[in-house]
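Chemist: The primary structure of each chain is shown beneath.
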Amino acid sequence: MKKLSYAEALREAMAEEMEKDSSVFIMGEDVGIFGGCFGVTGDLVERFGQDRVRDTPITETAIIGSAVGAAMTGSRPIAEIMFAGFLGVPMDEIFNQAAKMCYMTGGQAKVPMVLRVPNGAGIGAAAQHSERTEAWFTHIPGLKVVYPSNAADAKGLLKTAIRDDNPVMFFEHKILYNHVGDVPEDEDYVVPFGVAEVKREGSDLTIIATGIEVSHSLEAAEKLAEEGISVEVIDPRTLVPFDKETLLKSVEKTGKLLIVSEETKRGSFASEISAVVAEEGLFYLEQPIKRVCAPDAPVPFSSVLEQAYLPNPDDIVTAVKEML
Amino acid sequence: MKKLSYAEALREAMAEEMEKDSSVFIMGEDVGIFGGCFGVTGDLVERFGQDRVRDTPITETAIIGSAVGAAMTGSRPIAEIMFAGFLGVPMDEIFNQAAKMCYMTGGQAKVPMVLRVPNGAGIGAAAQHSERTEAWFTHIPGLKVVYPSNAADAKGLLKTAIRDDNPVMFFEHKILYNHVGDVPEDEDYVVPFGVAEVKREGSDLTIIATGIEVSHSLEAAEKLAEEGISVEVIDPRTLVPFDKETLLKSVEKTGKLLIVSEETKRGSFASEISAVVAEEGLFYLEQPIKRVCAPDAPVPFSSVLEQAYLPNPDDIVTAVKEML
Amino acid sequence: MKESKEELVKLLEDMLVIREFETKVQKHFAEGEIPGFVHLYLGEEAVAVGACSALKEDDFITSTHRGHGHLLARGGDLKKMMAEIFGKATGYNKGKGGSMHIADVSLGILGANGIVGAGLPIAAGSGISAQILDKDSVTICFFGDGASNRGTFHEAINMASVWDLPVVFVCENNLYGISMPQYTNDHRKGQNIQDVSDRAVAYGISGVTVDGNDVMAVNEAVVEAVKKARSGGGPSLIECKTYRHRGHFEGDPTVYRSDEEVERWKEKDPIDRFVKILKDQEILDDEGYKELRNEVKGRVEEALQFAQESPEPDPSEVTTDVYYGGAE
Amino acid sequence: MKESKEELVKLLEDMLVIREFETKVQKHFAEGEIPGFVHLYLGEEAVAVGACSALKEDDFITSTHRGHGHLLARGGDLKKMMAEIFGKATGYNKGKGGSMHIADVSLGILGANGIVGAGLPIAAGSGISAQILDKDSVTICFFGDGASNRGTFHEAINMASVWDLPVVFVCENNLYGISMPQYTNDHRKGQNIQDVSDRAVAYGISGVTVDGNDVMAVNEAVVEAVKKARSGGGPSLIECKTYRHRGHFEGDPTVYRSDEEVERWKEKDPIDRFVKILKDQEILDDEGYKELRNEVKGRVEEALQFAQESPEPDPSEVTTDVYYGGAE
Ligand SMILES: Cc1ncc(C[n+]2csc(CCOP(=O)(O)OP(=O)(O)O)c2C)c(N)n1
Ligand SMILES: Cc1ncc(C[n+]2csc(CCOP(=O)(O)OP(=O)(O)O)c2C)c(N)n1
Ligand SMILES: [Mg+2]
Ligand SMILES: [Mg+2]
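Those sequence lines, one after another, are chains A, B, C and D. In terms of this note's numbering, the numbers along the first sequence are unbroken and rise by one, the last being 324. In terms of this note's numbering, the numbers along the second sequence are unbroken and rise by one, the last being 1324. In terms of this note's numbering, the numbers along the third sequence are unbroken and rise by one, the last being 2328. In terms of this note's numbering, the numbers along the fourth sequence are unbroken and rise by one, the last being 3328.
It should be emphasised that the hints constitute simulated quantities derived from the structure, not laboratory data. Ideal Cβ positions, reconstructed from N, Cα and C, are used throughout, including at glycine. Be aware that a few hints might be false.
Claimed, not checked - Covered stretches of chain C (in silico footprint by chain B; criterion: 3 or more residues with CB under 8 Å from a CB of chain B, positions within the stretch not fixed):
#1 2074 to 2083
#2 2267 to 2273
Stated by the list, open to error - Away from chain D, derived, C-beta distances all over 12 Å, residues of chain B:
#3 Q1050
#4 D1055
#5 V1068
#6 A1071
#7 M1072
#8 C1102
#9 I1123
#10 A1152
#11 Y1189
#12 L1218
#13 T1246
All chains, full assembly: derive it from the sequences and hints.
Modeler: In structure tokens form, the structure reads like this:
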């Protein structure tokens, strides 16, 4: 094990896969000498050269469209889009090209590409640079959707994503970039898709959360434990494929489900999780399924407003208590 | 009352509003002399001229972006995007400009625009011309999302949309265009947003559906009635705002909820509806909430596959019986 | 450039294949045997054939909604194509794609595409692969005049020019995008310039306009651009002025253009013109042409029969191929 | 064009307001008083001022992420601006927008914008309104060199040219989009042409490049373009070559450019240059300049104080203004 930040873990995953496979390359805005807007690509351009770490013009549509073309012709692109709020720009390329190409061609076309994107609020970046947009992509068949909550998973999941033969949406929470964690040293350490992790065992209530909300939920669980309330916290790690078995088993045990997400509530992936349980685990439930989410509003700028907007550990504690 | 097709009803709504308000105009691809890809705009260019019925280049991004600019400066654009599957192209303009402008400016900016778009499958148009994409937009705060299931609602809701001071996503199901129905003659006939209609009363189970699935559900309800099963069918008519009171009241009565949608299941608006009931009406439920949706796959071309892909009245009948 | 007798006759043959194939599709669409939308390539044969004949085996093309001609010119199998258009299990895409998505990826065809302008970034990406994988393959990107107004045109060509990607952008200017004329003197037009190739200036690359109904002219321009691309010289933009004989899609009443205009262009038919040249140069005689046509007709007829007799896909196929290799 | 003494001094004053305002923002950002991202306009003052001074009251502008200068040049209220940048309830956007979304819609400012290139279609739409509502207003659209590589640039200018929309597209070419140079001799560049204005050819409109650090030159070019637009002559593209003195955003270590380059450009400072001209022409003397600067400094200081003393927004404001006028 070594200590790495989430950002370093991501960089290491890319570096290792690029060492191993010369068809892997990176492209995006300011991923070269600038090192990426959040410093994730760092020194990779020095190590692998400008051909394999490509600074692009401001051209999200072409970045993703060309990633599709590169992936179809033998390369394995890792494309970075600077903010999840910009994903509307190359949405057609994701939706109509990357996601559907295999199906439309009757299984002929292989599109092994990873789209890395910083997600979420908390840095005062306001309405167009703070969004959570993963729900859109869970609604697009043909994509896989990944969202690591810690450094080890960041590395292991990104390596799996790069090796996958399908388009993978890889969300990274901005606030997590500097979070440091233990990461296995083994170069072959990978985290498989579709396997949730029970981050904390408990018997009174199940919380499911992704990204930064995993930390928030664990913090809330800790506080609740002091009051004798036992909360189980599940991190699905990948939204598509989604490990519903682990979740259903937990809900069977606890009888209560709280879904925590910084997404705006309506139409969120939190809603999807709720629907899965309402369809396949209804009789386990002793209480309504609660979603603690952001309100249905854009992300405000002012720090006071942004903090009011985002669900925090206290909100989680309150919600849990209401359910008991 | 007069008999109009869904397409004619839409055209009449636009014509009446354009007569009344000279700031209302239409733009889109082939909406002029061609009359619209599905014939909805028809002869409007002859009646209102090329200035107010604007044929655009193939330029979805500029269509929606300019609609935002026009709406902010005193006009009331009605923009047509030819297929709901193309909405990825102007997604940024919808998400980051139309939907957020009012909020970002602290309430200064008014963006009264309607985005009309044909939705859904059933005509062999394959993966990129058959999608249901409304769920994305329900997840975008600042938009209203409308989906009429019949000619009268088409007219009444479109008039409300044109008069609304906010961006409205107006989905139309392709298969419905030729459906003829009774439409009130009154020029001031409008249908308010956020008011569901109980299309058929019943006591054993509640079905909620939009667009073409309302017809399918009513057909299924008819068949089930012959077997003595009493199904209530609800059409929310607008997804945002969503009339949850009507739904919850119905579920309280019947104890069972089936959601029918041609959307691909994961991340659909069907999931959102389920989540709302699992959160606010759980104790009414005697059975798990079932979602009868399209599978998580792109829309296939072959008619055999497309029919297998789409939920039909028989699928609804089967699902209802499983729930009783 | 094509010069030998065999090469020239092959150009004609390729155009005839498209002509006969599309005529068959037209007929059977009208008879209700083909679902969905069909956009025919009739009248534009010289572009696909002139361009694709400039490529070698491991090159690539991207195609459009009007893609049958591109696939055929690239050597697509007539049977699998016709079967796909009929939505049959034996089709290239197992009936999942249909006319608008028909492709043979093994021939380097990176998809027909239902999204206008979507092929341009994909072609750029194929060009990136050549650099990453250190191959000398070139990609031809077909797109329409209408597509040249989309942002993808701008972004993809800009990217290709910045990185000297080996891509040849071939604009099929058939004067319309559905009902919208490419250029007129009033406000109803796709763009405010007569020649799409003028746009090359915006990217610092070379742009030319050629007679798209002259298969030799197309071939000559594309051969040169391919050579340049293959040797690291970067992308080019070639505009081919041509005309579609049919409506935008089958069923289009074409209210937006006059019968006279159609007739004028039919007089410039790329096949008739090329046949005349071959006859004038005594490369082909009446008999030989007839024979060639009959032979082609026979192949297309066979393909039709294959399609008609092929089985429908099994409904269980609906959910396969969502992910490559099967698993989610 | 500006000619009178008052007009010329007003140009200087407007530039000074931007200079002082941005310098204040820089300082207080560094002190941690301002959240989020801040992109300063220092060094580019001549563009906003030269352009906005060509407009009349009911004209419009669209702005960018680097928008303070545009708003100030258009007459924005210093207090409300500073308060917004501080995220206060008294700000233009009630603290909901911040630096990147700051706007005064009543002044015809259609939003700063965090999405690069988003303003171009919005400006086209404002141009459409002029036609629909039969008004003679003109819209200036500011955008960067980097933005000119986005599809929105292409689609919006194409639309504007096709319909002769009254829009003046003003490209602020400050040589970089974050770390990416606009043009170089190698593969690392935003575009393969030296002058963004060359792109006008692609739309059949006029395109010119001017010295963006010369407020008179900018004003002259924009005045002419506005006149043309107002009289139905359609859009123009004006490229202003300029330079940002600071990093892309505050906190940018600017590893991608040399100190010498920065120094070279500081020598071309638009304000110093214009002051020299005014002094040479004896329109302004040292004393007058000092007075003007002090007066401006005072106003900015007042605005700062207002911002600092203003209350934070009430948390309940989070969910208001999602829809215009309140109701869902
Ligand atoms: C992004 C997008 N917008 C609109 C359409 C609808 N559409 C299909 S073909 C077409 C016209 C295309 O014109 P052009 O590029 O000139 O090709 P042509 O049909 O003339 O060969 C349009 C508008 C589409 N498929 N995709
Ligand atoms: C669509 C989009 N892509 C990327 C970004 C991130 N970004 C913000 S400013 C910027 C550079 C813009 O360059 P330019 O247009 O030249 O304006 P400048 O900052 O130089 O004034 C980038 C890439 C963004 N905000 N929006
Ligand atoms: Mg065309
Ligand atoms: Mg710049």
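Chemist: Each hint: holds or not?
Modeler: Going through the hints against the structure:
With 0 residues having a Cβ less than 8 Å from any Cβ of chain B, the region 2074 to 2083 of chain C misses the three-residue criterion, and the hint is violated. Figure legend: the region 2267 to 2273 of chain C, annotated as covered by chain B; annotation inconsistent (0 residues with Cβ-Cβ distances under 8 Å, at least 3 required). Not every beta carbon of chain D lies more than 12 Å from that of Q1050 (chain B), the smallest distance being close to 10 Å; the non-interface claim is violated. With 12 Å as the threshold on Cβ separation, the claim that D1055 (chain B) sits away from chain D is violated: the shortest Cβ distance comes to roughly 10 Å.
Residue placement check: V1068 (chain B) does not keep its beta carbon more than 12 Å from all beta carbons of chain D (closest about 5 Å). The beta carbon of A1071 (chain B) sits about 7 Å from the closest Cβ of chain D, which is not more than 12 Å, so the claim that it is off the interface is violated. Listed as outside the interface, M1072 (chain B) is inconsistent with that label: its C-beta sits roughly 5 Å from the nearest C-beta of chain D, within the 12 Å cut-off. For C1102 (chain B), the shortest C-beta to C-beta distance to chain D comes to about 5 Å, within the 12 Å cut-off, and the non-interface label is violated.
No Cβ of chain D approaches the Cβ of I1123 (chain B) within 12 Å, the least distance being about 28 Å, so the stated non-interface status holds. Distance check on A1152 (chain B): its Cβ is at least 23 Å (rounded) from any Cβ of chain D, clearing the 12 Å threshold; non-interface status holds. Once the 12 Å rule is applied to beta carbons, Y1189 (chain B) is consistent with being away from chain D; the minimum gap is 21 Å. With a least CB separation of 28 Å from chain D, L1218 (chain B) remains clear of the 12 Å interface cut-off, as annotated.
For T1246 (chain B), the shortest C-beta to C-beta distance to chain D comes to about 16 Å, beyond the 12 Å cut-off, and the non-interface label holds.
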